[in-house]
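Visitor: Reconstruct the complex from the two isolated chains, following the hints.
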Amino acid sequence: MEMNQYLDMFLEESKEHLQSINDHLLVLENKPSSMDEVNEIFRSAHTLKGMAATMGFEDMAKLTHEMENVLDQVKSGKMAIRPDIMDIIFQCVDILEGMVYSISENGDGRFDVSEAVNGLRRILKGETASTQAIGDSAQNEDPIAQEEIPFDEYEMTVLKQSIESGYSALWIKTTVRNDCVLKAARAYMVYNSLESVGEIIKCIPSVEELEEEKFDKSFDLVILTHKSEEELKKIVLNVSEIDSAEIRTIDLKSEAKENKKEEHEQSLQSPKASDQSSANGNLPVTGDSTNGQKKHTTSKTIRVDIERLDVLMNLFSELVIDRGRLDQLAKELLNGPLSETVEHMNRITGDLQNIILNMRMIPVEQVFNRFPRMVRDLSRELQKNLTLQIEGAETELDRTLIDEIGDPLVHLLRNSIDHGVESPEERKKAGKPEMGTILLKAFHSGNHVFIEVKDDGRGINRAKVLKKAIEKGIVSEQQSSSLTDKQVYDLLFSAGFSTAEKLSDISGRGVGLDVVKTKIEVLGGAVSVDSVPGKGTTFLIQLPLTLSIISSMLVDVGSEIFAVPLSSIIETAVFDKGQIMRAHQQDVIDFRGKVVPLVYLDRIFQISEEFTAHKEQISVLIIRKGDKMAGLVVDSFIGQQEIVLKSLGRYLGNVFAVSGATILGNGKVALIVDCNQLIK
Amino acid sequence: MSDEKKIIVFRLLDQEYGVELKYVKSIERLESVTKVPRTPKFVKGVINLRGIVTPIIDLKERLGLPQAELTEESRVIIVELDGLEAGFIVDSANDVLDIPLQSIEPAPNVFQGVRFEFLEGIAKLDQRLLVLLNFNKVLNLEEMDQLSKVEGL
Numbered sequence: 001m002e003m004n005q006y007l008d009m010f011l012e013e014s015k016e017h018l019q020s021i022n023d024h025l026l027v028l029e030n031k032p033s034s035m036d037e038v039n040e041i042f043r044s045a046h047t048l049k050g051m052a053a054t055m056g057f058e059d060m061a062k063l064t065h066e067m068e069n070v071l072d073q074v075k076s077g078k079m080a081i082r083p084d085i086m087d088i089i090f091q092c093v094d095i096l097e098g099m100v101y102s103i104s105e106n107g108d109g110r111f112d113v114s115e116a117v118n119g120l121r122r123i124l125k126g127e128t129a130s131t132q133a134i135g136d137s138a139q140n141e142d143p144i145a146q147e148e149i150p151f152d153e154y155e156m157t158v159l160k161q162s163i164e165s166g167y168s169a170l171w172i173k174t175t176v177r178n179d180c181v182l183k184a185a186r187a188y189m190v191y192n193s194l195e196s197v198g199e200i201i202k203c204i205p206s207v208e209e210l211e212e213e214k215f216d217k218s219f220d221l222v223i224l225t226h227k228s229e230e231e232l233k234k235i236v237l238n239v240s241e242i243d244s245a246e247i248r249t250i251d252l253k254s255e256a257k258e259n260k261k262e263e264h265e266q267s268l269q270s271p272k273a274s275d276q277s278s279a280n281g282n283l284p285v286t287g288d289s290t291n292g293q294k295k296h297t298t299s300k301t302i303r304v305d306i307e308r309l310d311v312l313m314n315l316f317s318e319l320v321i322d323r324g325r326l327d328q329l330a331k332e333l334l335n336g337p338l339s340e341t342v343e344h345m346n347r348i349t350g351d352l353q354n355i356i357l358n359m360r361m362i363p364v365e366q367v368f369n370r371f372p373r374m375v376r377d378l379s380r381e382l383q384k385n386l387t388l389q390i391e392g393a394e395t396e397l398d399r400t401l402i403d404e405i406g407d408p409l410v411h412l413l414r415n416s417i418d419h420g421v422e423s424p425e426e427r428k429k430a431g432k433p434e435m436g437t438i439l440l441k442a443f444h445s446g447n448h449v450f451i452e453v454k455d456d457g458r459g460i461n462r463a464k465v466l467k468k469a470i471e472k473g474i475v476s477e478q479q480s481s482s483l484t485d486k487q488v489y490d491l492l493f494s495a496g497f498s499t500a501e502k503l504s505d506i507s508g509r510g511v512g513l514d515v516v517k518t519k520i521e522v523l524g525g526a527v528s529v530d531s532v533p534g535k536g537t538t539f540l541i542q543l544p545l546t547l548s549i550i551s552s553m554l555v556d557v558g559s560e561i562f563a564v565p566l567s568s569i570i571e572t573a574v575f576d577k578g579q580i581m582r583a584h585q586q587d588v589i590d591f592r593g594k595v596v597p598l599v600y601l602d603r604i605f606q607i608s609e610e611f612t613a614h615k616e617q618i619s620v621l622i623i624r625k626g627d628k629m630a631g632l633v634v635d636s637f638i639g640q641q642e643i644v645l646k647s648l649g650r651y652l653g654n655v656f657a658v659s660g661a662t663i664l665g666n667g668k669v670a671l672i673v674d675c676n677q678l679i680k
Numbered sequence: 001m002s003d004e005k006k007i008i009v010f011r012l013l014d015q016e017y018g019v020e021l022k023y024v025k026s027i028e029r030l031e032s033v034t035k036v037p038r039t040p041k042f043v044k045g046v047i048n049l050r051g052i053v054t055p056i057i058d059l060k061e062r063l064g065l066p067q068a069e070l071t072e073e074s075r076v077i078i079v080e081l082d083g084l085e086a087g088f089i090v091d092s093a094n095d096v097l098d099i100p101l102q103s104i105e106p107a108p109n110v111f112q113g114v115r116f117e118f119l120e121g122i123a124k125l126d127q128r129l130l131v132l133l134n135f136n137k138v139l140n141l142e143e144m145d146q147l148s149k150v151e152g153l
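Keeping their order, the protein sequence lines are chains A and B. FYI, in the working numbering the residues of the first sequence are 1 to 680. FYI, in the working numbering the residues of the second sequence are 1 to 153.
It is worth saying that the hints were derived from the structure and are not from the lab. Among the hints, erroneous ones may be present.
Here are the simulated BS3-like cross-link-like pairs (lysine-lysine), alpha carbons at most 27 Å apart as the crow flies [what the hints assert, rightly or not]: (1) B/Lys35 with A/Lys615; (2) A/Lys668 with B/Lys35; (3) B/Lys41 with A/Lys668; (4) B/Lys25 with A/Lys625; (5) A/Lys173 with A/Lys183; (6) A/Lys668 with B/Lys25.
With the rest of the complex left out, here is chain B (with noise of 0.2 Å):
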């Protein structure tokens, strides 16, 4: 029954990449982001998402890609892990697949310059190429301390 996945497909720069649907509680338009001092520099603040104080991070900076401009493509989804819940900022986010598992890849070391260990796979659909992200990876808590510490003095 599950040979597919659900995923939500969003745009970094010129490239497409995807979560698993069921990470995904919302998906929000940037608005007044709070800045918190002494934090790594990809947080980029809180945000009141309906009453819950939510972290914002910058996604890009996260997996070390190349900074652009906010446009009003841009979006914020909101994910949740192991009780973690974070905005990832994202160029744009517009569709909702449904992927075979065969059609997923290993990845490779490195894609596009995101480092290995972001990488969850790669999807091969039709003509497009679709970079699956592991969250787990990205909302890493004890890269978070060390950073802090390195970062927040």
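The shape of chain A in the complex, shown without the other chains (with noise of 0.2 Å):
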């Protein structure tokens, strides 16, 4: 079909529209009256049914009309958003995603979709009948006189500051004239010319929409200023084909209480609502016009599909490959001024390989941006008061490991919300504020990104947590004694661990935190925890910058060359023969006073030469996978290498300890060893 060709952009752009009705949503639910937030999700819900009647997906154009339909109501000011219609405008944002994701697979995005749609119909009637005899009434009168302008709590203390300093907060309502042409630039003319006496506060609708010319005929500006209503009243009607400018004088008394009402519409709400401060600050927020003298950021930018990215990086990969075997040749020719040229390259090369990583970089707020959604419900459904701060989103990974980032951390903060922040009775109690607080923060350091999980709940249990190792037989009773905190948390991690008494379904599940483990661990990362009994714990992930190109030590078995990557080796070392013990059927040797079994990689994989029984001494790299060492024996050592990671392909997709290939300088394959799986 002749559609196919758009289905991927209509996917990716529902993608988008969905996300950003999530975000306003989240925001329009600590601030009920930010008319900015429903004209938002309203666009987004008006686009989503258009390119979905376009694509021919039916039901999803149906949802998104009844949606539009309420946001609508919403919008022109007839119906308040209360959290009934949050939470049925969520329920459709979920069945929307369903759709999307249906879609995706190939699936034909039906659904049923007739009792969202009728609940939005109730609320549609329910509302209608009731205000709409307000409406009407109010519509004879003085636009300005009836209708309040919504402020937030910000620009409620901007105001009441600037008028106990003597300013004046005026309203002005613009109209233009019905012929008048070029409506934006008149608006902007306004808005410039009240700019130059005062300070416009705020602006409906924003200033974005204006200068889109998103308005009908009149718009509203809020000014502080020292002039009169009849200065301001002259300014702007000073701009040519305005039609009439009504000034009003804003009297905070008669504010406040729309305020308080507000206030108390936010205390029904969810537990969460009723602190917006903290959380606020960090959802995306678009088209927030608070100041009203927000501009348009245009970045100079351009889109390029991920594949080409992909294909740069494969190109450069080959090119990293022969300048390993140029550096090789001209090591061994020892001419002057082709070792100076290889050189050169090898520089250039260099800066080119960290702009290409660079490229492929991403920002964590892909991922993040979907937990605020998920924090919400989860917290709702468990009846805790919390809030999800989100700290260093712009922090940049390489798409790979975004990819696939997401699960664990989803595990870990749901791990959080249910076992670590108390009830907010709990919490009462030991006399902490009633909202908890989970703060997700990603940062960079050196050649690792960290993404912490701290949440201030009440810790972990050393008692409970030993007790439940020496039960699933983890550790024994004797060991327990002398296990230090971080040790005993650290069991946390271990396969078939789960503390939570009661099984529910957020986490606990018998799949625990070793699956978070292993799968960071896979991506080259590693994972921590540490907890302050009664303050909180911190979960730590720390991954490498980049999976595509990493620094490995290539060593000899038998007739094969193999990679180890650096990442996992603590440090090399030649023992002699007379060094080996044997412990429990093991070979096993003393390094620096640790008891390390050894590895041999000749029999692990199975490659007959009979090399090592008569060596004197043995090469030994000391690898290690989280506290865990072992001795990796090789025959020898080669040297310290850059490689390129490449998969072996589908066909051979499961080799017990290879997670890889490469190309070595002399274009031979060298198999990469997957060190975690050689330390049980």
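Guide: Here it is as structure tokens:
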């Protein structure tokens, strides 16, 4: 079908719009009076409707159409946002997400939307009947006297302070003439000339919308100024094609009433909604016009298909391989000019490598932005009162990692909400604020990216963890008393461990933190946990910046060359045969006072040549997986090299202890050893 | 229009076989193969095919035919099917033929020791007999998994 070529675009844009609706709904939940959010949601729903109808996804079009109807009522002021409206719109978004997912999986996007549609219609009916009358009667009177401009907390503060310091706050309703051709230009002129005499703190519709001519005939401005009403009126009417300007001084007392009502509404809502200051700052808010000064920020970017970047990366990888080869040749030939050129090329490709790797970096925001919604839903479900703070959402990660890191983070967050943060009553008893906080923070450090999930909950109960671990046979009774707190906390990551006494379906489904740990280690990272009883728990994930080019140690085993990632090597060492000891039918060595088991790579990989048996000394790579160590016995070390990680292809998808392959300077393929699978 | 198939003809031992041209990416000489441990016996390892790591399969071993030494004539046919890519070692590959569809007959149960499921048909052309292979089955992944479980310990 010819529609297919548009399908990708449709899916991509639908996802963007749904995300945007989600974001704005969350803001709206905390600021029920914010028209900007309603407008944004309306616009996204409208676009979705159009797209869905064009593509022939009728259920989707139907649902968005009903959503639009309800939003339209809210937008035109005939209905106020209430918790039940929020809930149903959230539900709709979930359904829409399900549809988009189904379509992307080659489904038809069909869904039974009747329940949601009915819910929306009920709201529409119940409300329009009672509010219509008020709307009608209001229309005949002076519009400005009846309408109330909704101010949020910030704007109220600004207003209050300015009035106290002698400014007057004026509300100006400007109407352009019917035959006005350049509405946007006129609006801009009004805005501009007013801005020169005072500070405009609010603009309805927003400045962006004014610029895009998204208003009918009139628009509202609130300005703080020393000028009088008459002076301002003159200024506005000076602009041509303006029909009228109505001006009223804002009396804070009458506004206060409005505000009180809002506060009341908020306190009725979900536990989460009552505090907004912290959470709001971190939610992506577009079209926010708290100060009416926001300008379009258009940075110069182009969109590039991610596949093209992959191709570029592959081509560059080949260049890296050739570079290795040239390097080798230059060293053999010992030709001055050749060596110089190769050296220069090395520097340039090094820079190039940095740039290309940087291009593949995506802000973690892409993963983070779905969490506020998840946390909201979960906290409601579990009747916990908490906010999610996000820091460092702009931190960048390789896109392969971005794709993989979502699930582990979901798990950690669920864990914190379920087990970490206490119920409001419990928190009160402990003398903590009722509202729990979960901090999700990403930051760069050295060659790594760290992601922290921190809650201010009850912390980890050492005794409880130990009891469980002994029950499950993870540690013995004697061992348990000598463990440090840190070691006890690390038990949480052991397989088959779950401390929640009653199983909830949020976390603790048997698959536990051990899955998180494994996943992150597969990505070449590490995860650790720290906790202060009564104060909270912090999970710290460490990830490499990129996965495509890694530093590794090349080693010889038999006639083959293998690459071992430097990230898993602690150090290299040579031992005499006599230093090998036997313990539990296993060869071990004493490495700096620690007993380290030996793993013979030739035996693991079934390389038959009997090399090691005759040698007097053995070469050992001390490798680690978390806290565990092992000695990887090889024939000899070749040296350190940057290698390009390549997959073995789908045909050889799952080879034991091999995580991939790379191409060496001589054009041969070398396998990359997966140390994680060698340590048990 | 398509009452003919373009077939690449290759030889295993003394018998000629065929694979449809549209599945063949290229034909290569056999160069250094890196062994991959703990894989089925017929997987000889991987090669560097212009920057792509490609698995190499000994087709004779895969089909259960007797072994023969590699010679100067030995080639690797790179086959791509459903996104799976692999190279097959054959004793020689030297011909491309247009085969009329009506000359293709269904395969007998077993043909010269090759199991039925690997056979797609037999093409009879003048003096020649071409065995067309079903590479979907030859590249069967599920069987791969089972085999690697058994052989890979």
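Visitor: Now tell me if each hint is right for this structure.
Guide: Here's how the hints hold up against the structure:
Only pairs whose Cα atoms come within 27 Å are accepted, and B/Lys35 paired with A/Lys615 is accepted, the gap being roughly 24 Å. Annotation: proposed proximity of A/Lys668 to B/Lys35 holds, straight-line Cα distance about 11 Å (limit 27 Å). This hinted pair checks out: B/Lys41 and A/Lys668 have alpha carbons roughly 21 Å apart, not beyond 27 Å. For the proposed pair B/Lys25 and A/Lys625, the alpha carbon gap of about 41 Å is over 27 Å, so the pair is violated.
Taking the CA atoms of A/Lys173 and A/Lys183, the gap is about 15 Å. The hint holds against a cut of 27 Å. This hinted pair checks out: A/Lys668 and B/Lys25 have alpha carbons roughly 21 Å apart, not beyond 27 Å.
Hint compliance for this structure: hint 4 alone is broken.
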